[in-house]
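Enquirer: Spelled out from the first residue to the last, the chains are:
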Amino acid sequence: MSRSRPAFSHQPLPSRRVVLSEREEAGLATRARDGETRAFDKLVESYARIVYNLVLRMVGDREDAKDLTQSTFLKAWRSIGSFDPGRKFFSWIYRIALNEAMNLLRSRRSRVDLDDRMADPRPSPAERIDARDTQESVQAALAELGDSDRQILVLRYFGELSYEEIADFLEIPEKTVKSRLFSARQELGRILRRQGYGCP
Amino acid sequence: MTIDELQQLMLDVLDGTASAEEEAALASALESDPTLRQRFEDARVAGCAMEGVGLAELPQGLRDEIRASIRSERRRPVQVAGRRMGWRGLLVDRPLFSFASAFATGAAAGILLFALLTGKVPIGGTTHPPIQGVMRPLEGSPMTGVLGHVDLGDATVGVWGQGQVLYIRIESTGPVPSAGPIEITFDPATIEPASAVWSTGTEGRIEIAANGLTVTPRGTGICELRMRMRSGSPASVRIHPSAEDGTRRLTLTSAK
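Keeping their order, the protein sequence lines are chains A and B. When you line the first sequence up against this note's numbering, it's residues 1 to 200, in that order. When you line the second sequence up against this note's numbering, it's residues 201 to 456, in that order.
FYI, nobody ran anything at the bench for these hints, they're computed from the structure. Since the structure is predicted, the reported quantities are computational estimates derived from the model, not experimental observations. Ideal Cβ positions, reconstructed from N, Cα and C, are used throughout, including at glycine. Hints should not be assumed to be uniformly reliable.
[Stated by the list, open to error] Distance ranges between label pairs, derived from CB positions:
| hint | chain 1 | residue 1 | chain 2 | residue 2 | range |
| --- | --- | --- | --- | --- | --- |
| 1 | B | S219 | A | Q135 | 31 to 37 angstroms |
| 2 | B | E273 | A | R95 | 15 to 21 angstroms |
| 3 | A | P173 | B | I406 | 31 to 37 angstroms |
| 4 | B | I406 | A | D147 | 48 to 54 angstroms |
| 5 | B | T451 | A | S107 | 48 to 54 angstroms |
| 6 | B | G419 | A | P173 | 32 to 38 angstroms |
| 7 | A | S82 | B | A229 | 27 to 33 angstroms |
| 8 | A | E136 | B | M201 | 36 to 42 angstroms |
| 9 | A | P85 | B | Q260 | 30 to 36 angstroms |
[As the list claims (entries may be wrong)] Derived coverage of chain B by chain A (criterion: at least 3 residues anywhere in the stretch with Cβ under 8 angstroms from a Cβ of chain A; other residues may be distant):
| hint | stretch |
| --- | --- |
| 10 | 205-212 |
| 11 | 243-250 |
| 12 | 393-405 |
| 13 | 411-421 |
[As the list claims (entries may be wrong)] Sample of chain B residues lacking proximity to chain A, with all beta carbon distances greater than 12 angstroms (derived):
| hint | residue |
| --- | --- |
| 14 | D233 |
| 15 | G254 |
| 16 | S269 |
| 17 | A389 |
| 18 | I408 |
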């Protein structure tokens, strides 16, 4: 039975992830774990774009995101022997990617602290971005959020994880995921509206 | 309704998963609470904006760069201490005791007892001295280690193990046509081939028979072979390199 959608709701997220079936993914991950580079190539093929988007939205810089995507897969390859085939590969690679992004953000912050002490008047990431369109407005707003808010939004909208998958990933109850996600959305929306961004 | 319940309801409505009754309940709550209405509008704007962003395209060439970096990593297992080792190098550069010790510290739960054994055989026009070694992996610890490496002149063969899987990597740098096929023979009762691929470079030929594989390189390329022990019980494998009538042969034998 079809149900009319209220005016203020949006369609559920479309599935944009390059989807491998669980079986395909597990098979490729197992073969990669056994040292088969071609199997790992297929995983790179499937997940490179998503990983790039995850780290791009976390760090807000395309060159950094490119480097982080590369280092994510390199780290994954180096430690593929420790991958548990009973787990989901995408969850494993997302974790590596987000850790890489967080490491960069931390090092960037210590650099910024130093810059502050040296009275370097460089603009903030948000200021550097000219918020002329949605893409840039959102990126600038994301840059103003705290790391955990940004992370949960990125997992949901760019990692395209379900609430259940986010709960599994963050090892928190699904209810907590929803609560944190709502708070993060609220904060992001507040920033966007302040910038004059509206939603039809 | 608690704040948690309200948040849950607002999220469900925004996701379009709320029932008509739930939507009506929220509409009523929003009408009487301007603060709540603002929070809902903030969340709605955020969702709208995030969904409008879409996925950025992957920078051109990035996939290839990732693959190239993986390939360059892949070469490392056949190098020890930054350079390649011949059979002689196994003894000269890394005495059996230290090799065994190093191997044991990184050895597998697969309990693969591994031996390298060679006689005084001409390979690639060079006579190698006899080398014999036994390496015992430790039970319960992950093992990844180079077990041996031999230079055939136009190709190098690296052998290493992980668990009960044995990897053989043939890296051909030789002329076209090649100096000849490389045979890997084994007892099919104890060892079975799991995979055989040319992972990079010019693909040569791989012929699979009941008791072995024949790899014939065609110029520069890397062939990766994966063998599996049929038995789950502790086993020993010996690799015996030899050469006969232009065919280079690696014989894998199980030894109790």
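Enquirer: Taking the hints in turn, state whether each one holds.
Expert: Results for each hint:
no.: 1; hint: B/S219 - A/Q135: 31 to 37 angstroms; result: holds (34 angstroms)
no.: 2; hint: B/E273 - A/R95: 15 to 21 angstroms; result: holds (20 angstroms)
no.: 3; hint: A/P173 - B/I406: 31 to 37 angstroms; result: violated (51 angstroms)
no.: 4; hint: B/I406 - A/D147: 48 to 54 angstroms; result: holds (49 angstroms)
no.: 5; hint: B/T451 - A/S107: 48 to 54 angstroms; result: holds (52 angstroms)
no.: 6; hint: B/G419 - A/P173: 32 to 38 angstroms; result: violated (58 angstroms)
no.: 7; hint: A/S82 - B/A229: 27 to 33 angstroms; result: violated (49 angstroms)
no.: 8; hint: A/E136 - B/M201: 36 to 42 angstroms; result: holds (37 angstroms)
no.: 9; hint: A/P85 - B/Q260: 30 to 36 angstroms; result: holds (33 angstroms)
no.: 10; hint: 205-212; result: holds (count 4)
no.: 11; hint: 243-250; result: holds (count 8)
no.: 12; hint: 393-405; result: holds (count 5)
no.: 13; hint: 411-421; result: violated (count 0)
no.: 14; hint: D233; result: holds (14 angstroms)
no.: 15; hint: G254; result: violated (8 angstroms)
no.: 16; hint: S269; result: violated (5 angstroms)
no.: 17; hint: A389; result: holds (22 angstroms)
no.: 18; hint: I408; result: holds (16 angstroms)
Violated hints, listed in ascending order, are 3, 6, 7, 13, 15, 16; each of the other numbered hints is respected by the structure.
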